[in-house]
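2 protein chains.
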Amino acid sequence: MKIDDVDFFYLSMPEVTTDADGSQDALVVRVVAGGRVGWGECEASPLVSIAAYVTPMSHGVCRPVRDSVLGETIDKPDDIRRIAAKVAYNSMDLLQAPHTWSGIEMALWDLLGKARGEPVYKLLGIERPARKTPYASRLFGNSPDETLAGARESRAAGFRAVKFGWGPFGTGPVQDDVDHLDAAREGLGEDGILLVDAGQIWIDDVEAAALRLPALERNRTVWLEEPFHAGALDAYAALGARTDKLKIAGGEAAHDVFMARHLIDFGKVGFIQIDCGRIGGIGPARQVAEYAAERGVTYVNHTFTTHLALSASLQPYADLASDTICEFPVTPRQLAIDLTTNHLKLDSNGELSLPEEPGLGIDVSPEALAKYRVDVEIKVNGKSLFKSPA
Amino acid sequence: MKIDDVDFFYLSMPEVTTDADGSQDALVVRVVAGGRVGWGECEASPLVSIAAYVTPMSHGVCRPVRDSVLGETIDKPDDIRRIAAKVAYNSMDLLQAPHTWSGIEMALWDLLGKARGEPVYKLLGIERPARKTPYASRLFGNSPDETLAGARESRAAGFRAVKFGWGPFGTGPVQDDVDHLDAAREGLGEDGILLVDAGQIWIDDVEAAALRLPALERNRTVWLEEPFHAGALDAYAALGARTDKLKIAGGEAAHDVFMARHLIDFGKVGFIQIDCGRIGGIGPARQVAEYAAERGVTYVNHTFTTHLALSASLQPYADLASDTICEFPVTPRQLAIDLTTNHLKLDSNGELSLPEEPGLGIDVSPEALAKYRVDVEIKVNGKSLFKSPA
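From first to last, the protein sequence lines stand for chains A and B. With the working numbering applied, the first sequence closes on residue 390, and no number is skipped along the way. With the working numbering applied, the second sequence closes on residue 390, and no number is skipped along the way.
Derived by calculation from the structure, the hints in this document are not laboratory data. Owing to the predicted nature of the structure, the values given are computational and were not obtained by experimental measurement. Take the hints with a grain of salt, since some may be wrong.
Note that identical chains are pooled: a pair holds if it fits in a single copy or bridges any two copies.
[Claimed, not checked] Quick list of in silico lysine-lysine cross-link-like pairs, DSSO-like style, CA-CA up to 30 angstroms:
{"#": "1", "residue 1": "Lys383", "residue 2": "Lys247"}
{"#": "2", "residue 1": "Lys345", "residue 2": "Lys371"}
{"#": "3", "residue 1": "Lys345", "residue 2": "Lys383"}
{"#": "4", "residue 1": "Lys86", "residue 2": "Lys247"}
{"#": "5", "residue 1": "Lys268", "residue 2": "Lys345"}
{"#": "6", "residue 1": "Lys387", "residue 2": "Lys371"}
{"#": "7", "residue 1": "Lys387", "residue 2": "Lys268"}
{"#": "8", "residue 1": "Lys76", "residue 2": "Lys383"}
{"#": "9", "residue 1": "Lys86", "residue 2": "Lys2"}
{"#": "10", "residue 1": "Lys76", "residue 2": "Lys268"}
{"#": "11", "residue 1": "Lys122", "residue 2": "Lys2"}
{"#": "12", "residue 1": "Lys114", "residue 2": "Lys371"}
{"#": "13", "residue 1": "Lys371", "residue 2": "Lys383"}
{"#": "14", "residue 1": "Lys86", "residue 2": "Lys245"}
{"#": "15", "residue 1": "Lys245", "residue 2": "Lys268"}
{"#": "16", "residue 1": "Lys114", "residue 2": "Lys345"}
{"#": "17", "residue 1": "Lys345", "residue 2": "Lys247"}
{"#": "18", "residue 1": "Lys268", "residue 2": "Lys247"}
Please work from the sequences and hints to get the whole structure.
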């Protein structure tokens with residue numbers, strides 16, 4: 001099959017707020033090859049990722065992503081890897097390229113799975129996907145009382161594991177954070193699994209983060225996520241060495257396999273969290289999952305948007321039966337719900353299974369593409385380089 | 001002073017080829033604050049960096065660069081650092097942001113220097129900048145004869161040090177590379193300084209790179225630059241451990257200080273090469289220069305475009321008298337020559353000094369901004385987010 005078309009659908013809620021909620025907009029990718037269609041999704045800044053697809057070439061290794069994709073042959077998984085290597089080399093100096101490519105890559109797996117009548121995990125060599133235990137991902141409340149209520153709400157919705165993040169956490173006095181952590185534990189009950197996401201708030205200040213360790217430990221936090229800037233590997237390792245009761249998590253910002261490996265090798269994280277919409281798609285995520293498994297590091301998906309992205313993000317570690325936990329966006333904006341006509345559902349044990357349908361097993365809603373459509377036009381020297389599909 | 005305006009000028013040669021030559025287009029930034037003007041330059045993919053400046057917000061930490069810059073106060077160097085931290089946090093999930101910010105940051109230093117009547121290096125605390133020995137940066141020839149001729153040409157033009165890169169190097173049989181290296185040495189003469197840039201051609205294949213070591217050593221190559229993908233730290237360290245006659249160089253892709261530090265700490269490079277147009281500007285580059293100096297690693301600028309970028313790129317290590325070598329674009333496209341009305345010139349010893357004029361000491365030509373202008377318009381939902389300045 002030859003890649004004939006790649007289309008980008010920029011979707012957005014009517015209002016986008018400063019909440020740390022990535023479901024407020026979306027960049028959905030449709031790839032057409034051999035008369036078949038595949039769907040994928042890029043994480044973050046739709047306009048910029050579109051620009052990286054169509055931008056005029058700056059020089060031989062700063063080419064638009066388009067130049068390495070259109071017209072390529074796609075008949076087998078190795079073709080996806082070959083095109084990925086081509087993009088990485090030809091767009092070496094185009095920083096945004098991995099985010100753009102990620103959605104295309106997902107769509108290519110989806111398309112290939114549909115062409116073969118097999119789910120993507122089978123194309124990755126996985127026979128029987130393991131069930132995952134989703135954790136509810138939510139923001140800290142504005143007050144400890146709100147955090148308490150949120151924890152109870154998530155438990156009532158059937159989630160045993162809940163991750164609290166962002167909001168006021170880390171921005172004020174230590175005691176405020178202690179109160180939020182105590183409230184979260186109280187709301188979760190004794191057997192709830194507590195995860196905490198600090199959203200890089202301490203940048204590289206190990207001491208500031210360490211001040212929160214006693215309350216994190218006392219409340220039996222399983223992981224502390226992104227205490228620091230994604231590149232502050234020394235700080236990750238130093239904080240991890242200060243506790244044997246919880247593990248440090250990170251990795252969502254990785255835009256190539258190397259960055260994820262550095263967090264494992266030098267940052268000594270215990271959980272590696274990969275966003276398929278950033279790292280270059282499913283193939284590189286699978287590489288990280290294998291690398292982590294060999295080193296006793298637990299792989300977790302990072303997904304805060306739609307169930308298209310969710311299905312893609314669960315494929316790379318579907319066979320890792322001991323890596324049971326998975327991120328599950330619990331309270332996304334309506335756009336993320338509406339985008340797909342089917343959704344991954346919790347079973348009676350509160351567990352998730354991957355779809356058995358071909359490809360990613362998720363159908364995109366044409367109505368949602370129309371309803372949330374953002375109309376983009378990019379013109380260079382009078383020539384239209386991009387216009388949102390009708 | 002309040003930052004009132006930030007304008008982007010996308011410039012391009014009429015024809016852009018696949019040569020690994022970054023001078024074929026440019027993204028020039030003009031900042032206006034307190035009635036004063038500063039100029040800077042972003043490296044690579046102008047359209048994408050413009051998009052990162054104006055893109056609609058995706059969520060609280062995926063904001064357009066603009067939101068963290070316009071209206072900010074700029075009276076002292078610490079203000080630049082403060083705005084840089086704001087951009088880094090608010091645009092955490094916007095991958096292209098560091099490239100966009102780099103040009104703005106440079107322009108802020110230029111503006112601040114002009115406001116104080118001091119060159120930028122003085123604002124960095126540097127009293128007397130050291131002279132640098134520029135190396136001529138050029139592509140390998142298509143044949144060893146062309147490489148030989150190129151080496152002779154650069155020597156005749158007064159350069160003792162010449163860097164050859166890209167072209168056929170690393171793409172064919174080992175013997176081809178050996179022939180090019182022998183030709184380069186022959187053309188440079190016994191006392192010429194030979195540098196080689198492999199342009200990431202071996203990705204992470206240490207053995208493939210190591211096959212070239214004997215010829216690199218025999219021809220007294222000072223450094224082998226970017227043998228691997230910028231993130232393949234293990235490969236950098238492994239290759240470096242295979243030779244004590246030459247050093248490994250890298251770093252141009254670093255888009256934050258952490259990445260440069262990782263190349264030093266884990267990649268064990270002997271030369272760290274920083275592009276001010278990518279790493280976030282002059283401030284972070286200065287941090288890397290200091291970090292490298294403490295560890296016995298030599299800092300070198302990475303500059304392949306205009307003398308505006310060249311002046312900016314020399315400021316961060318102007319006081320490191322032992323780090324004498326600097327990159328100097330010898331055969332840039334006409335756009336890069338025309339962009340500035342003054343240029344850094346080699347003195348009679350073939351050495352370069354920084355301008356003593358306030359700011360970056362380089363004047364941008366209004367004629368060049370008009371002549372090479374690329375007209376860009378970005379519209380979102382019918383609203384013009386960006387239009388090239390007239």
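Here's how the hints hold up against the structure:
no., hint, in the structure
1, Lys383 / Lys247, "neither (52 angstroms within a copy, 47 angstroms between copies)"
2, Lys345 / Lys371, "within (24 angstroms within a copy, 59 angstroms between copies)"
3, Lys345 / Lys383, "neither (45 angstroms within a copy, 39 angstroms between copies)"
4, Lys86 / Lys247, "between (36 angstroms within a copy, 28 angstroms between copies)"
5, Lys268 / Lys345, "neither (33 angstroms within a copy, 48 angstroms between copies)"
6, Lys387 / Lys371, "both (17 angstroms within a copy, 27 angstroms between copies)"
7, Lys387 / Lys268, "neither (44 angstroms within a copy, 46 angstroms between copies)"
8, Lys76 / Lys383, "neither (35 angstroms within a copy, 42 angstroms between copies)"
9, Lys86 / Lys2, "within (16 angstroms within a copy, 44 angstroms between copies)"
10, Lys76 / Lys268, "neither (35 angstroms within a copy, 38 angstroms between copies)"
11, Lys122 / Lys2, "within (22 angstroms within a copy, 57 angstroms between copies)"
12, Lys114 / Lys371, "within (26 angstroms within a copy, 51 angstroms between copies)"
13, Lys371 / Lys383, "both (27 angstroms within a copy, 18 angstroms between copies)"
14, Lys86 / Lys245, "neither (43 angstroms within a copy, 33 angstroms between copies)"
15, Lys245 / Lys268, "within (15 angstroms within a copy, 33 angstroms between copies)"
16, Lys114 / Lys345, "within (21 angstroms within a copy, 61 angstroms between copies)"
17, Lys345 / Lys247, "within (29 angstroms within a copy, 55 angstroms between copies)"
18, Lys268 / Lys247, "both (9 angstroms within a copy, 28 angstroms between copies)"
Consistency with the previously given hints fails for numbers 1, 3, 5, 7, 8, 10 and 14, ordered from lowest to highest.
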